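S.K.: Spelled out from the first residue to the last, the chains are:
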Amino acid sequence: MKRFVYINDDSCRYSYCDNRISNTKYSLWNFLPKNLWEQFRRFMNQYFLLIACLQLWSRITPVSPATTWGPLIIIFIVSASKEAWDDYNRYLSDKKANERKIWLVKDGIHRQIKAQEIHVGDVVWLHENDEIPCDLVLIGTSDPQGICYVETAALDGETDLKTRIIPTISANLSVEQLGKVKGVVECPNPDNDIRRFDANMRLFLPIIDNEKCPLTINNTLLQSCYLRYTEWACGVAVYTGNETKSGMSRGAAEPKLTAADAIIDKLTIAIFMFQIVVVLVLGYFGNAWKYTQGLKQWYLMYPVEGEAPWYDFSIIPLRFELLCSIMIPISIKVTLDLAKGVYAKFIDWDEQMFDWETNTPAHSANTAISEDLGHVEYILSDKTGTLTENKMILKRCCISGTLYGNDNGDALNDVRLVNAISSNDPDVIKFLLVMALCNTVVPIKSNDDTVSYKAQSQDEEALVNAAANLNMMLISKDSSTAEICFNGSKFRYELLDILEFTSDRKRMSVVVKEGQTGKILLLSKGADEALLPLACPGQQIQKYLEAVEMYSQLGLRTLCLGWHDLKESEYKEWSKNFQEASCSLDNREFKIAEVCHSLERDLHILGFTAIEDCLQDGVPETIKLLRNAGINVWMLTGDKQNTAIQIGLLCNLITSEPNSQLLSISGKTEEDILRSLERALLIMKNTSETKDLAFVLDGWALEVILKHSKESFTRLAMLSKTAICCRMTPLQKAQLVAILKSAGYLTLAIGDGGNDVRMIQEANIGVGISGREGLQAARAADYSIGKFKFLKRLILIHGRYSYNRTAFISQYSFYKSLLICFIQILFAFLSGLSGTSLFNSISLMAYNVFYTSLPVMTIIFDKDISETTVMQYPQILLHSQAGRLLNPTTFCGWFGCSLYHALVIFFITICAYSDEKSEMQELSMVALSGCIWLQAFVVTMDTNSFTYPQILLIWGNFVAFYMINLILSAIPSLQLYTIMFHLCSQPSYWISMALTVAVGMGPVVAFRYFKNLYQPSAINILQQIEQSNGSIQTSGNLESARANLLNLLTGSRKNRDSYYHPLLSDSAESARTD
Amino acid sequence: MRLTRTACRTGVFIETLSSPGTAMVPANGDTAGPSSSQDDPAATMKKRNRPQYHPFTQQQLPACKPILAPQTVIPVLLFVGIVFILIGLGCIAASNRVVEVVYQYETSCIPGYMLDNKVAYIQNPSIDKTCTRILKVPKDMKQPIYIYYQLDKFYQNHRRYVKSRNDKQLINPKETNNTQYCKPEATEHGSPVVPCGLVAWSLFNDTYSFARGNKALRVHKRGISWRSEREHIFGKQVFPRNFQKGALIGGGALDPRIPLSKQEDLIVWMRTAALPTFRKLYGRIQVDLRAGELITVTMQNNYNTYSFGGKKALVLSTAGVLGGKNSFLGRGYVIVGLACLLLALLLTMLCLVFPLKEEHLALRYPLPRPAR
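Residue numbers (this note's numbering), protein chains in the order written: chain F, 8 to 1081; chain E, 53 to 424.
I should point out that these hints are in silico values taken from the structure, not numbers from a laboratory. Computed from a prediction, not measured in an experiment: that's the story for all the values here. Warning: the hint list may mix true and false statements.
Stretch by stretch, here's where chain F covers chain E in the computed footprint (C-beta under 8 Å, at least three residues) [said to hold, decoys possible]:
hint: 1; segment: 118-124
hint: 2; segment: 209-215
hint: 3; segment: 385-393
Derived pair list, reagent style EDC-like, types lysine to aspartate or glutamate, alpha-carbon separation capped at 16 Å [unchecked claim]:
hint: 4; chain 1: F; residue 1: Lys263; chain 2: F; residue 2: Glu769
hint: 5; chain 1: E; residue 1: Lys377; chain 2: F; residue 2: Glu923
hint: 6; chain 1: F; residue 1: Lys303; chain 2: E; residue 2: Asp204
hint: 7; chain 1: F; residue 1: Lys574; chain 2: F; residue 2: Asp504
hint: 8; chain 1: F; residue 1: Lys583; chain 2: F; residue 2: Glu601
hint: 9; chain 1: E; residue 1: Lys288; chain 2: E; residue 2: Asp219
hint: 10; chain 1: F; residue 1: Lys1018; chain 2: F; residue 2: Asp949
hint: 11; chain 1: E; residue 1: Lys117; chain 2: F; residue 2: Glu1033
hint: 12; chain 1: F; residue 1: Lys9; chain 2: F; residue 2: Asp198
hint: 13; chain 1: F; residue 1: Lys513; chain 2: F; residue 2: Glu601
hint: 14; chain 1: E; residue 1: Lys117; chain 2: F; residue 2: Glu874
hint: 15; chain 1: F; residue 1: Lys647; chain 2: F; residue 2: Asp511
hint: 16; chain 1: E; residue 1: Lys377; chain 2: F; residue 2: Asp922
hint: 17; chain 1: E; residue 1: Lys205; chain 2: F; residue 2: Asp922
hint: 18; chain 1: E; residue 1: Lys205; chain 2: F; residue 2: Glu923
hint: 19; chain 1: E; residue 1: Lys188; chain 2: E; residue 2: Asp340
hint: 20; chain 1: E; residue 1: Lys363; chain 2: F; residue 2: Asp922
hint: 21; chain 1: F; residue 1: Lys692; chain 2: F; residue 2: Glu718
hint: 22; chain 1: F; residue 1: Lys526; chain 2: F; residue 2: Asp504
hint: 23; chain 1: F; residue 1: Lys520; chain 2: F; residue 2: Glu501
hint: 24; chain 1: F; residue 1: Lys398; chain 2: F; residue 2: Asp466
hint: 25; chain 1: F; residue 1: Lys717; chain 2: F; residue 2: Glu685
hint: 26; chain 1: E; residue 1: Lys117; chain 2: F; residue 2: Asp949
hint: 27; chain 1: F; residue 1: Lys9; chain 2: F; residue 2: Asp205
hint: 28; chain 1: E; residue 1: Lys117; chain 2: F; residue 2: Asp869
hint: 29; chain 1: F; residue 1: Lys714; chain 2: F; residue 2: Glu677
hint: 30; chain 1: F; residue 1: Lys583; chain 2: F; residue 2: Glu218
Ideal Cβ placement from N, Cα and C applies to all residues, glycine included.
Use the sequences and the hints to build the structure in full.
M.R.: As structure tokens, this is what we get:
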């Protein structure tokens, strides 16, 4: 459980790994087997390997084994080399990191070694801007106060500087002593928690007395961070190599499989079954033909009965298996991967998703799941920084009962407040003092004497800035003192202790000693419900509660400020307890909270700050659009209920229409909560369609519900289009995602901060906003965008198009494979069911690799309806959401189409090329040309908008087909020799082609025409509306039609639950059922 | 387009791209783009981050969106219908101009007493298999008149058969010993058969000779194969060896003194047919024949189609534009053409009976959706 690190002691250094980092997945010798093993875990690859192996048996192979081995090897080489390349790059970066020169101090001597040679217990000497090579416990810095700054962006994505302090025990060590120091660090075994390090350190005699000193994460320098603004720092290596915190938290994310992929896999298996049936039937009849007819055909010279090997009966079925193996297109994975790569590029390239304010383009880190964007059913959104700007400004405040900033909405310019300050109102001054001191903000002085602040919390930054604007300026701050400039005069404060903010405590405090008077003060700030109960009795709380209520109604974030006088003795006693608690190795957080609580009592409440976090640009429109598109939007926030509801109202999440209702699930006891849940569920079930219901609940309620009544909640979640969940912990956010996911919905989680990472990773699609809270969320996410408003484009445009395109590409891949396979099967009936391949090996291979894979790519540029129309009629997303374009039904259509086309091609070919023209190679080329012609027209038919690359690809492919075959026809050693020359000079060839196209496409066109006109799908109608140039959009009919549509769309949304009644909007006012 | 593209390259964003209906400008233009490049790092940052505008990358290429509307579909149908009927009539005419005489002889050339035992008849080498018949020319036949033999139920496309040959052996005298794939007709007493394999072994060996009145009509046997085959597939230096020397005699024998490239019957035979019924060129008659003339055909009925009940026929045919007599394409075209015209008529009627107005469309918009 524990690790003892002896500083500067060689005896234990080899019991732990050295500092060699390795992120590589493979090594030189295991690459091939491991990579092959990974690739062969896919059903399709196994299938193709089996086919390829069978093809090696020349007795059964209809064509040269190269037809399967070629593409298979190419596909394998492509994916293996991609893996190898990635891994090689990882190896190179590892190597670079491992061989970096690092200064080490050993027995007072500085030496330079490679980073990989660092061992646990070594003392590492770092200079400014060095990257930290392993996890260190800080023991000395150049700063006299013993602090240093690190940038942790590489670790947690947060760009602000963090302060690190040396442990008190080593504070007085001189530079010489640091080189020779001996001691022991007692720390837990390596883990991946970058916010926690509960350890102890003891330094050995003779340097200092044998005192145990607690260590926290603030005493560490973690691997892959950078040392900033500090001349030098030195530390003891405690975790090295892959055992560091950053090393432990690395891990390959599981690849996500899209809904479309899942359907494709299912279809593949269905086709495989079909193939088995075909093979068995043909095999049976093939054997039957052989024994009834084949033996009479003397020129076949079948061996006499008895001479045949025992496996003879299986030869013909196996031949058919090989012949039919092309039913499953070998190219589909490559084609789809390529297409998905292009979708991802389109997202990266999209200028309309480029955020001009922060200069961030949209980025898709995961290239494989674009089409799932078109399937999204639930969006779970964070509030702060995602829906809002996370640009905090103090707008109002309430100091000892007086409301400031009520008139002009800006407290900083409120004359009364300015007057109060200049008249030295003690409460106001104390209020400002808390604002300026009770925080973890780092003031940074620039050259021209202006001070800027670096803060981990946006609220704190807002408060410090506001205080500075009100003449209470925090000038400098180090680990023990802070300097404040008020009205031109400077005040020093000794910072005795910081009682840190945790999400459980929901408050933080500092203990300061006034420099002049020596008075000790406890300054606290925190959430109202965390601080108000601690107020000393007799204060007028009512007034504050009203203020908080009002501020919440306005969507402002409130913080309560308070203070408390401490006696010297009282503080001393407490300080000892605090020290003890901080030193404890287990349950430290809880113990500290206990101790803190003992100090934070009898507070004098000073007042409230109200910070505005304005909505991001375009958020209400986006949410409205997404909801119209049939997507349910939930807001999950750590903020308090009222603020959350107000933000929800502001951003269209909930509306205050009369027939809407907001159900609150809350209660004082567990029974209350569960009862309120049941009631909400009952109301949801029995509400008529026109009513729009939403529910709101908080973290505690969720905890209770998940413990006792998860099923009811799942049912409620499925019924509810809108929900506001407040006071959520990161884990609970992820739990909510998991609940929706387990109910079979496709979820998208969007957030911007570290607290959203878990939910982003849990959801089917994670979207990160590259915002102010660092890049942590954006890094964990599949997609990162600059603003929430780009989400509508990401889903409605990119997601929808990607889905449409993938639907076509995958089904078309099956169509073309089935087409050629059906022709082979039909030919079997004319070749004595012997398993002869009509097509030669080259044609078969080229058919899959060249002739048909290029035109299908055209669909990557296709748009069924324009972006404007999609934005105008977002309901159309339902088509992709419900998988309208890729499902067993549509697939049956394609299946039938390929069967019909195969029949057309085959019969026209054998009728036109009968008698004296019935020559194997010619006939096969006629049939192949028929396939190429038809598939070119099929692609054309399914293309909705023709742009020049599309036209180029479709018809260029056509030309390429003839060019390739004419070239092949000039090579005497090929079977194709001269065939194409013969054919191209025959008028009957061209006439047959035209007939094939007319007969093949005629019914398809007619069917489409009738469907378009008399049974149009919503897409068809929108296309026609687009065509008629929008004249129709003004007609009154359409308005009612649209309203009607909305109802129908929502009405048919989910039929999974028989008792489901759709819900519409809701109101916050009428809410509060309890 | 051009303007915007150049503008983007110089780094100034101009709010002019108005491809139909889409606003290319980000809603928030207040940052003024890279033009405010006072601090260089920021400017380069912007340049690096910002996607380059190109209609391709923005999926904004000009596009044409055809739609299946009556006003386009009906004229196209009419046009296609008329063109197809015309081509079809042309094809039928071309096919009708071809004069074809087919004489099926596999039964009629067997003497009556052997009819019950055709296989024994054909397998008995001692019986003279000459068979003389008189054919009447139905119409004038212009030279060249092609002589074909037609086999039925003969699976030259059978897998076992079609693979049983070695193309390397056929062209290269050095590959004589290469009899790969040729089994079971590969070697004879240990030495290779040339040409090996079932295809060559089963060479068709009926012969025909023709006479008009008393004067024999010359059958030109040269040039019945493709030149390319003679030159690049069958070797000039490859001579038949051990051919038909085995216990089982398949079909015709070959003169071992003549190289394969000149054995045109073999060349034609080895270009395997794709269908079980096929015709192969036997020779040409370079004389015009009149209608009503009587042609005496003397046939050597040697080839065994009796084991599997296949038919044999002799075909005399003139050459047409589209090859032999085949009315399929012509009929197909006429039928498709007529179907198109009919469809056009039907669509027109439908349009007249149920006119599609725009309101109609709008009302239909909210379609009931089937359950998922």
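S.K.: Is the straight-line distance between the alpha-carbon of F:Lys714 and that of F:Glu677 16 Å or less?
M.R.: Holds, at about 10 Å.
S.K.: Checking one constraint from the list: CA of E:Lys377 to CA of F:Asp922, max 16 Å. Satisfied?
M.R.: This hinted pair holds, its Cα atoms lying about 9 Å apart.
S.K.: Are the Cα atoms of E:Lys188 and E:Asp340 separated by 16 Å or less?
M.R.: 14 Å, holds
S.K.: Straight-line Cα separation of E:Lys117 and F:Asp869 no greater than 16 Å?
M.R.: 10 Å, holds
S.K.: Quickly compare the C-alpha distance for F:Lys1018 and F:Asp949 to 16 Å and report which way the hint goes.
M.R.: 14 Å, holds
S.K.: Is the listed coverage of the segment 385-393 of chain E by chain F valid when you require three or more residues with a beta carbon under 8 Å from a beta carbon of that chain?
M.R.: Our answer is that it holds, as 4 residues pass the Cβ test (under 8 Å) against chain F, meeting three.
S.K.: Are the Cα positions of E:Lys288 and E:Asp219 separated by 16 Å at most?
M.R.: With Cα atoms ~14 Å apart, E:Lys288 and E:Asp219 stay inside 16 Å; holds.
S.K.: Between F:Lys520 and F:Glu501, does the CA-CA distance stay at or below 16 Å?
M.R.: The given pair, whose Cα atoms are some 5 Å apart, holds under the 16 Å limit.
S.K.: Take a quick look at whether E:Lys377 and F:Glu923 sit within 16 Å of each other, Cα to Cα.
M.R.: 10 Å, holds
S.K.: Taking only the CA atoms, is the gap from F:Lys583 to F:Glu601 under or equal to 16 Å?
M.R.: 13 Å, holds
S.K.: Hinted pair, alpha-carbon criterion (16 Å max): F:Lys574, F:Asp504. Please report holds or violated.
M.R.: Distance of about 15 Å is within 16 Å: holds.
S.K.: Quick one, are F:Lys692 and F:Glu718 close enough, alpha carbons at most 16 Å?
M.R.: Roughly 15 Å separates the two Cα atoms, so the pair holds.
Violation of the numbered hints given earlier is absent; every hint is satisfied by the structure.
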